[in-house]
Structures are given as structure tokens and as C-alpha cells.
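Enquirer: Place chain W on chain D using the hints.
2 protein chains.
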Amino acid sequence: MPEPINDFYAVIPAGGIGSRLWPLSRADAPKFLHDLTGSGQTLLRDTWDRLEPLAGSDRIAVVTGRAHRAAVERELPGVPDKNVFLESEPRDSAAAIGLAAAILVKREPDVIIGSFAADHVIRGAQVFDWAVRQAVATAREGYICTIGIPPVEPSVGFGYIQKGDELVVEGAPEAALVRRFVEKPDLETAKAYYADRSYLWNAGMFIARADVLLGEIAENEPHLYAGLMDLAEAWDDRDARGPVVDRVWPTITKIAIDYAVAEPAAEKGRLAVIPGHFDWDDVGDFASLAKLNTHGRGNDLAILGKNARILADASSGIVVSQTNRVISVIGVQDIVIVDTEDALLVTTSEHAQRVKGVVDALKVTGRNEVL
Amino acid sequence: MPEPINDFYAVIPAGGIGSRLWPLSRADAPKFLHDLTGSGQTLLRDTWDRLEPLAGSDRIAVVTGRAHRAAVERELPGVPDKNVFLESEPRDSAAAIGLAAAILVKREPDVIIGSFAADHVIRGAQVFDWAVRQAVATAREGYICTIGIPPVEPSVGFGYIQKGDELVVEGAPEAALVRRFVEKPDLETAKAYYADRSYLWNAGMFIARADVLLGEIAENEPHLYAGLMDLAEAWDDRDARGPVVDRVWPTITKIAIDYAVAEPAAEKGRLAVIPGHFDWDDVGDFASLAKLNTHGRGNDLAILGKNARILADASSGIVVSQTNRVISVIGVQDIVIVDTEDALLVTTSEHAQRVKGVVDALKVTGRNEVL
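Chains as they are written, first to last, in numbering that gives the first Met the number 0: chain D, 0 to 370; chain W, 0 to 370.
So that you can see chain D by itself, here it is in the shape it has in the complex (with noise of 0.2 Å):
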């Protein structure tokens, strides 16, 4: 076994519903908290024993909402209370990765975070571990850091990062400089970017200093900076910590880390990217699922569920089951069969994005009792 990392603490954001994969992510049972793999264990935990081997069990914090709290605590039994950081809303990825690099900042000044969303499936734990180490090397010297997965093929539902200068860092020989990021480009632009092979996948994933990441945010954020910072003061102090909460974070700046952060650390030559050379997918919808489950055998039927009971003929595309109702699938291609005991998803992958406009939908007509 390899030795954690020194000074390496890992946060995991554990925010986001997952809407596009309702019926199965709801409010009260978002992605992170579902198996999505057939792995036999959910999300979350599968990313808790991923990082596990890098900082250490004491050394994993888990932002998420109250209401998670206690399913949090059951999927991942070794996590030390105080590392478990509530949020009483979602307030966006900046408040709640600088939520984590403020307080841990406060408790141990050196210490160097990585954050890694709750809800990514990721094979290859040798080389994410390399990667990582990588990225905490060059971290240490001052960059903000993040991971970047060489595209396998022109995908339009994914950012990109485009790579600039080498680094000279040691412990970290792919370590170079970020040029840009861009947003999920149309498929013309998807195809050259896949073409030119600097450009890699935006994975979320951001390793650095606390006090360069706090720095960042101050610079270009300062009043969601002023927010973390009376949180942070109070955080460990029980006494002061719900009225402080009660009182900043309603108002703390809603924005995502990649406009906070990662994109001003860019432009400013701040931000470094290490290539993640492992599988890595952020399951965005049933049709990744489906790609993911079928491992791209397009004329595969992919079951999901522990008690599923189906009689497939002629079929494919993904049937996940939550009940233990018979479920019968005869001549259809490239479905998406969602059940669950009060909700039925009927779609397919070409249409696994409109998936939201139901959730929409839903709440507009009032049925928020299946969200």
C-alpha cells in the first residue's frame, strides 16, 4: 500500500440532484447516493475508497446538504464528524469547495486540497492515484491544479481544457501550464479539439493550496471570500457556528469554482493541468449510463439494479430497476427504462437530455412529491 500524501486533505462536493437521471436521482436520493455501475456500492462510497489510499481516512471531508446527512454518515461509516461540512442550501461549487479549503486552512495553515465531485465514475485507481500525486506535486509549488482526461472521442457534454507550456515540476513530469478552458463546444469544434490532442475534458476536478485557492477567490470573489471566512473563524466552535451559518451563508455568492477560480488562475498563467490517463465519466445523463453499463456495445440491453428481474428480447439500450416488479422489454433500441415504485421513465438515449424538461415539468404542475 502506498503512503498518503503529506498535507494532502481530499473534499468531496456531495451537492448536485442529478435531474437528469430522474427518476432514479431525487432530491431525497441524488446520483451520488445510487449504485450506477453495478459496482454493489454507491457513488460516493465508490470515491471515498478511491481516495482513501490518498490522504488517509481522517483526511476526507464531505460537503453536502443537511438533509444528506445521515445517509452520508451510513455510506461512509469512517468519516470523522467534524469532517463532515453541512451546507443548509446548495449554494454553488465555489461556496461549497471554498467552504472546505477555508476551514481547513484554519486548522492545519499548509494544507493542500484536492476536490473530487461525488457522483464521477472513474476506473483505474492505480493511475488516478498517480495522477493525483502528480497534481499535489505541482500544487506544492504554488499552482492551482487540476486533472484533465484525454478525450476518447469528440464529446459535446463536456468542457474542455486546452493545454499550454510544460512545467518543470518534480514528482509531476505531465505537469503543464492551462492555456483556456472552454465550454461544451458544438460538435464541429468537439472533433477538431479531439483532432489536436491539447485539449482535454474538464472533470471537475481542482488540487491546490488552501490559502492559493482562498487567495484566488479573494482576488476575484470578495465578498463570497468575506463569507468563508467569518464561516471559517467560527466553523469549529459549536457554540457560534449555527448562528454564524444562519446569518452568511444564505447570502454567500452563488457561482461555480470554474468562474471563481479556474478560469481568472488561467488567464493569470495560475492554473496547471495534469492528464488523468484512467476512465472517467461524469455520467451526465441515461445515455451515458447506458454507454457506461453496455461499455459501448451498442446492441446491448444493460441492467441496472440488485433485484431486477427482466425478460429482454430483441432489445437495447438500459433498463434500470428499483422494484422487484417483472419487467418485459421486446423489440425497442437504444431504451431507457427508468422504475421506480412511484415513477416510470420511457425515453431513449438520443432523448436522454430532455430528461430535465420533465423534472421542469413536474414542478410546475405541482407533483413534487416524485422529485
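It is worth saying that the hints were derived from the structure and are not from the lab.
A quick note: this is a predicted structure, and the numbers were derived from the prediction, not measured.
Incorrect hints may have been included.
The list treats identical chains as one, so a pair stands whether inside a single copy or across any two.
The calculated lysine-lysine pairs, modelled on DSBU-like cross-linking and capped at a C-alpha distance of 35 Å, are [said to hold, decoys possible]: (1) Lys81 with Lys190; (2) Lys290 with Lys362; (3) Lys190 with Lys267; (4) Lys362 with Lys305.
Expert: Using the frame of chain D, we list chain W on its own:
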């Protein structure tokens, strides 16, 4: 209100499960106990309501399985107890209709019976009424009479009846002899029949004097005839019936009335036909159920189920909802979704005929609890 027809008894064989409509139709909830048109009542009740003006509520008999007795009595509170003929096990249509004929002729030697399936959909009550009255008039002359439906398309899903010479029958201006019966044709042949106009769909309706019908059975199926006589002799004697049923019914010849009566009678010039100018469908599978409920509009999504909560976007086909789950359907065409408490079917109209294969597979794999 027109008067009921003299000497007429309507018989409703309520037997088949309708396996091609699984998981809606089940052993314990066969097709005739469902509302397949959104009328608000079962097909069996629809059938009763169609026949009551023709026969009177005291003169309608139902032949059904012992397991369905309670359901039949619930659906048809007006049916006299003595007119519910219970089969201990299904022995096909000649036995069911023959049993009714044998019992009724013993009660009334001159009775004319008309047999009408419990699970067909008919629209156009007045035209139906007129066809039956013509058929009874023809039966009174000693013919076995059927009602054939002028095809509205070259269907390969039904058998056909070829009309022969016209008959001169008082009260039946449309009566004609039947030249022959033909099995479900291929598409080429169906198109030829459709163009010819002398071919009618075989809707499985038979109207005849009970003694004539039994005479035909005696000629063609003497073993069946003997069994029916034994049963009828004992039937209306409560003490005698049980032992005779137990002894005779399991040995009764299993044969469809088409083979035992209609085809041989047609060959001998004893079968007549009245064209039925009403909308008729046997709703043999989900493709016909979808068509029936979208009224043939191919880009509509039909919804069946009184508590259905459907959110549909850019979809066509049919959703049958027997639960109160929210069902979201996005971007699927000609889809068939049947949502029941313990089983879910997803297929397309094109593959509707393959549903029976699922039922067979469920039997083979021992999952009888959902059949």
C-alpha cells in the same frame, strides 16, 4: 325500446385470458374483465349491455371458468344464477357453446342461441342489433348463421368468410350462404380479399337453433355430442350435476367451434352469413389496442387507465396504467407501455405479437405469480 327477440337466448363465452395482452390480461384478470376502450366498464359488461335489448336480461347465459364466477356476477348483477354455466377447466369453444346449447334446448326445445365473445369491442349498437335480428331470422329457417364484418383494411390478423349465393329470408334482406371459411391469410391474399368485397372478417359470432347446432356437432364430433348430452341431462339437477361434470368435462373433445360446426356446415350449404356494418375489433394484441384508442391516428399517444398520471413529450403509441405512478414518456414512437403493480411491459406495436412469447417464457421459468 325494441322488443327482445322471441325464442332468443344470448350466450357469452367468457373464457380466454388474452395472453397477447399480458401483463394487463392475466389468469385472474382475463381480457374480458378489463376496460380496453376507456368506456368506464369492462368488455364483458359492454357485451351484456349490447345483448340485453336483444334477449332480455333473463335470457343471457355466460359460460366461464369457476375462477371467474365471482367477477362475472359482480360485473353482471342481472344475470340469473341458473344462466351462469361454469367450466371446471377450459375445453375450447365448441364445448363451451355446445354446453350452453345443450342446457338451453333442454329447457326450451325451440330456443335460438346466439354466441358472442365476451372480449370483443363493438361500436354501433343499432347496426349490431339489426345484424343480430337478421341472423336470428335466418337461424329460424334452419341455417347456422354467422355475422361477418366487411373489412376496412386488408388485415392479416383475422380469418375470412367468403359469401356465396344470396338467400331469401323474411326479415333478413342481407342473408347469404357462406361459400367457405379461410384462415388468417398472408398480406398478398388479404389484399386480394379486401379488393374482392365478397370476403368478410370472421368475428366468431354464431346464431342458430340450439337443436340445429347440436345436430351439426353430433354429425361432426359424436364424442363431444355424447358428453354434452350427459352434461345437459344432469345440469339443472343440483345433486346430479357435480358428479357428471367431474366425470364428463375432463374428457370432452377440445375443439374450436369453427372446426366442429362452422366449416363442415359451410361445406354442406348449411351456413349463412349476415354482414355486420358495425365497428368490430377482437383487440388481439397491443397493436390493435393502440390503434383502437388512438382511432388510427398514428402520431397520437393513447392513455388507458382511470388513475393514469402520464407526462408525455413527442411520443406515440399507447400507455396502459394500472398503478398511480407518474409515467414519463419522451421521444418514443409506436411505443407500448403497460404498467401494472407487479409487471411492466415495454415494446412497440410492431412487436406486439411477440408478447405471447414472454408469457410462455415466464411459464417456463416458473414466474407464474405474474401470469
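Enquirer: Hints the structure violates: just list their numbers, smallest first.
Expert: 1
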